[in-house]
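Visitor: Sequence:
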Amino acid sequence: KMFEFYERVSGARMHAAYIRPGGVHQDLPLGLMDDIYQ
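The sequence shown: position 11 = 11 (full-length UniProt numbering), numbered continuously.
Simulated DEER-style distance windows between Cβ atoms:
| no. | residue 1 | residue 2 | range |
| --- | --- | --- | --- |
| 1 | E4 | D27 | 16 to 24 Å |
| 2 | Y37 | E7 | 14 to 22 Å |
| 3 | G22 | K1 | 27 to 35 Å |
| 4 | F3 | D34 | 14 to 22 Å |
Honestly, the hints are just simulated from the structure, not real lab data.
Beta carbons: idealized from backbone N, C-alpha and C, even for Gly.
Work the whole structure out from these sequences, hints included.
Guide: Rendered as structure tokens:
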């Protein structure tokens, strides 16, 4: 299940470049946190 959330945030399951110097690539997709808490 964690890989599904990671893929939704980064757009790629392997070698995602979501975290970058100075912050992150983009904001979290809408509804992601609700799905994680379920």
